[in-house]
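Number of protein chains: 6
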Amino acid sequence: MRITICRREHFNAAHRIYRKDWSDERNLAVFGKCSNPNYHGHNYDIIVKLTGEPDPEIGYVMDMKVLGDVIKERVTEVYDHRNLNLDIPEFADVMPTAENIVVKIYERLRPHLPAHLDLAITLYETERNFVEYAG
Amino acid sequence: MRITICRREHFNAAHRIYRKDWSDERNLAVFGKCSNPNYHGHNYDIIVKLTGEPDPEIGYVMDMKVLGDVIKERVTEVYDHRNLNLDIPEFADVMPTAENIVVKIYERLRPHLPAHLDLAITLYETERNFVEYAG
Amino acid sequence: MRITICRREHFNAAHRIYRKDWSDERNLAVFGKCSNPNYHGHNYDIIVKLTGEPDPEIGYVMDMKVLGDVIKERVTEVYDHRNLNLDIPEFADVMPTAENIVVKIYERLRPHLPAHLDLAITLYETERNFVEYAG
Amino acid sequence: MRITICRREHFNAAHRIYRKDWSDERNLAVFGKCSNPNYHGHNYDIIVKLTGEPDPEIGYVMDMKVLGDVIKERVTEVYDHRNLNLDIPEFADVMPTAENIVVKIYERLRPHLPAHLDLAITLYETERNFVEYAG
Amino acid sequence: MRITICRREHFNAAHRIYRKDWSDERNLAVFGKCSNPNYHGHNYDIIVKLTGEPDPEIGYVMDMKVLGDVIKERVTEVYDHRNLNLDIPEFADVMPTAENIVVKIYERLRPHLPAHLDLAITLYETERNFVEYAG
Amino acid sequence: MRITICRREHFNAAHRIYRKDWSDERNLAVFGKCSNPNYHGHNYDIIVKLTGEPDPEIGYVMDMKVLGDVIKERVTEVYDHRNLNLDIPEFADVMPTAENIVVKIYERLRPHLPAHLDLAITLYETERNFVEYAG
Chain A
1 MRITICRREH FNAAHRIYRK DWSDERNLAV FGKCSNPNYH GHNYDIIVKL
51 TGEPDPEIGY VMDMKVLGDV IKERVTEVYD HRNLNLDIPE FADVMPTAEN
101 IVVKIYERLR PHLPAHLDLA ITLYETERNF VEYAG
Chain B
1 MRITICRREH FNAAHRIYRK DWSDERNLAV FGKCSNPNYH GHNYDIIVKL
51 TGEPDPEIGY VMDMKVLGDV IKERVTEVYD HRNLNLDIPE FADVMPTAEN
101 IVVKIYERLR PHLPAHLDLA ITLYETERNF VEYAG
Chain C
1 MRITICRREH FNAAHRIYRK DWSDERNLAV FGKCSNPNYH GHNYDIIVKL
51 TGEPDPEIGY VMDMKVLGDV IKERVTEVYD HRNLNLDIPE FADVMPTAEN
101 IVVKIYERLR PHLPAHLDLA ITLYETERNF VEYAG
Chain D
1 MRITICRREH FNAAHRIYRK DWSDERNLAV FGKCSNPNYH GHNYDIIVKL
51 TGEPDPEIGY VMDMKVLGDV IKERVTEVYD HRNLNLDIPE FADVMPTAEN
101 IVVKIYERLR PHLPAHLDLA ITLYETERNF VEYAG
Chain E
1 MRITICRREH FNAAHRIYRK DWSDERNLAV FGKCSNPNYH GHNYDIIVKL
51 TGEPDPEIGY VMDMKVLGDV IKERVTEVYD HRNLNLDIPE FADVMPTAEN
101 IVVKIYERLR PHLPAHLDLA ITLYETERNF VEYAG
Chain F
1 MRITICRREH FNAAHRIYRK DWSDERNLAV FGKCSNPNYH GHNYDIIVKL
51 TGEPDPEIGY VMDMKVLGDV IKERVTEVYD HRNLNLDIPE FADVMPTAEN
101 IVVKIYERLR PHLPAHLDLA ITLYETERNF VEYAG
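Residue numbers (my numbering), protein chains in the order written: chain A, 1 to 135; chain B, 1 to 135; chain C, 1 to 135; chain D, 1 to 135; chain E, 1 to 135; chain F, 1 to 135.
Don't take each hint at face value.
Unchecked claim - In silico BS3-like pairs for lysine-lysine, Cα to Cα no more than 30 Å straight-line:
(1) K33/E with K65/F
(2) K104/C with K20/C
(3) K65/B with K20/E
(4) K72/C with K104/C
(5) K65/E with K104/E
(6) K33/C with K65/E
(7) K104/C with K65/E
(8) K33/E with K20/F
Claimed, not checked - Derived list of chain E stretches under chain C, where covered just means 3 residues or more per stretch with a C-beta under 8 Å from a C-beta of chain C:
(9) 4–10
(10) 78–91
Said to hold, decoys possible - Pair ranges (Cβ atoms, derived):
(11) T51/F with A115/C: 26 to 34 Å
(12) R19/B with E53/D: 34 to 42 Å
(13) K65/C with P37/B: 26 to 34 Å
It should be emphasised that the hints constitute simulated quantities derived from the structure, not laboratory data.
Backbone N, C-alpha and C fix where the C-beta goes; we use that ideal spot for every residue, glycine too.
Bound conformation, chain A alone (with noise of 0.2 Å):
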């Protein structure tokens, strides 16, 4: 007996899109107004999914309060009211995308969940933006 369990986080922060080792135009040409100079953010919404069966004494597959001070822990008030770029050591050489981040979540959470769940991450960017990782 196979549960998914879900808990919904967030955090608020600056991010900018571009390529330190092109030009401002041909940054301006690819990424469009996401590559601002000054940047600019987002409220972003997290969604944690852990699967696997749940513990016969307490009918848990993990405790959802446990699992969101695992999530506030060692990633949203890491990441908010912060710069992405400036001030989150694995964005210093790698772009904020939605793509990265939610991969960059997914490495921080991992070692601190219980290995014998599989664990996916559903990152909204705006309503109408967002991505899905599951490792």
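Chain A is fixed; fit chains B, C, D, E and F onto it per the hints.
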């Protein structure tokens, strides 16, 4: 050609998460405020998903109005405005965690839905906490 | 220059709508399934609105983080995961209808918010049923 | 490393569910008010999901702005503010059930999206009724 | 003590915005794609708001279940799955703009709701376009 | 007959809340993480409300498509994907708090909307924090 149809229904119920064979202290330590003795409650949302080939004559995998009626008759009208622990037989000896509720909903619905269609259920306890089960 | 700031918070609680001085039959006839004896529950959302002039030095009508803390301390941490009828003193002899809950929330908050700001509260019992009160 | 990107778009359209070779009575018996002769309508939401490896140079599976433009050009600007039965060729002899619409949207989009990316589509007819199709 | 109670209901309908005494060209120039000849449609949401003093005996301004039944009987079951222009008498000679629909809903409801309660209505045509009317 | 029409638009932007004439320590003490030096950001939603009599010939208070175009031209295309502090002149010496942003949006829109219509604006910084201003 396999298509998934999805129908959302809802119910409002009270519940409490605790083990009868544990002390109040142990229940509080493990389940926190979810074990408060006088119950709390939620607006539960269910999404029922059925996957299969559409009927070529009517273009439906299943009539969603009929699907909604099955969900109401078998689940939401039974659970709505009830105390899951006290009023619903399947939770007399099973804690009504989201994980256990979604399994019981699956068991209630599976015999009353077409056998050739795959069934999966998502249960929202809140906007932030939800679970998925596919049998 | 008058501006309204709005802050959303939430709590989950059980309740039951019935008059102690009425028979079960009469309660059922008037209040329907809301009077079921073992309680049901909701995910309640509150929006607290304060109207006044922004402080010229900090540009805030009131710091929304502080406003959120007042709402949590005075209302949502008190009501959350509780049975409104049994656990909350102001509903010992007052039925916890949405109308009465929003008035009690107003009375809990008014003394702890700046007196020069107008207060209005919206309480969502479900997405479909909600109430507003402004003192 | 496979990631899914998701883009939401919408259109508003009229439709009617009925078989031309059936009597009005039979259509009403099978399709209910969805067969009313003068049409009704919906705000349709589409979520288009593409799965594959991000381009290492730009960090995108596909530019979501470009994906949005393809959806608009091939689907939503064609269907928007139209009568699906009368104005859209693919529904001249196919009933515009949600199941059939999502398949036709898939067929419209598949040739114009990168062949190495897997495509799945979710179509919301209402918040309560939606369908998913992945080819 | 004045409290506002709010009830949300919905209906799905087709409509077309055009003046019969204008040419198709002029209608297109003024109303754009809203004047397309074969109609389009929407998922309409209504919020009905009633303001007054709660009944001291039952703690309700008005029973929201009863309010919902009045809205269904007088408005949503009449308009649902209909073509507003062709099927609904009050739009035979009045264009079903959101502004006109909300006024007609008000006129349909006002005689069937308690006269001592103030009535206001919000009508959502889409999530982005909505109107409010209070008589 | 006065009706209110409401139009929702959005923009994504970076900002920082701090006084230039205060030390970093004082800014941090008063504004918390909102004063982080490298900015953060939000998905801002605006609802613009106009109240007045519908034009008897076209049945609109104002064409919502035209209203949307005015909001885009005067506000959202100017603010979108920008740093409010660095890129937008009116925030060069005014902190971009939600209160100040909603006032500046009002000032940007008022001259370009019909003078006989009352204007009110709601600005959502997040789903939990929003402000309203009516001039």
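Numbered hints the structure breaks, given as an ascending list: Violated hints (numbers, rising): 3, 8, 10 and 12; every other hint is consistent with the structure.
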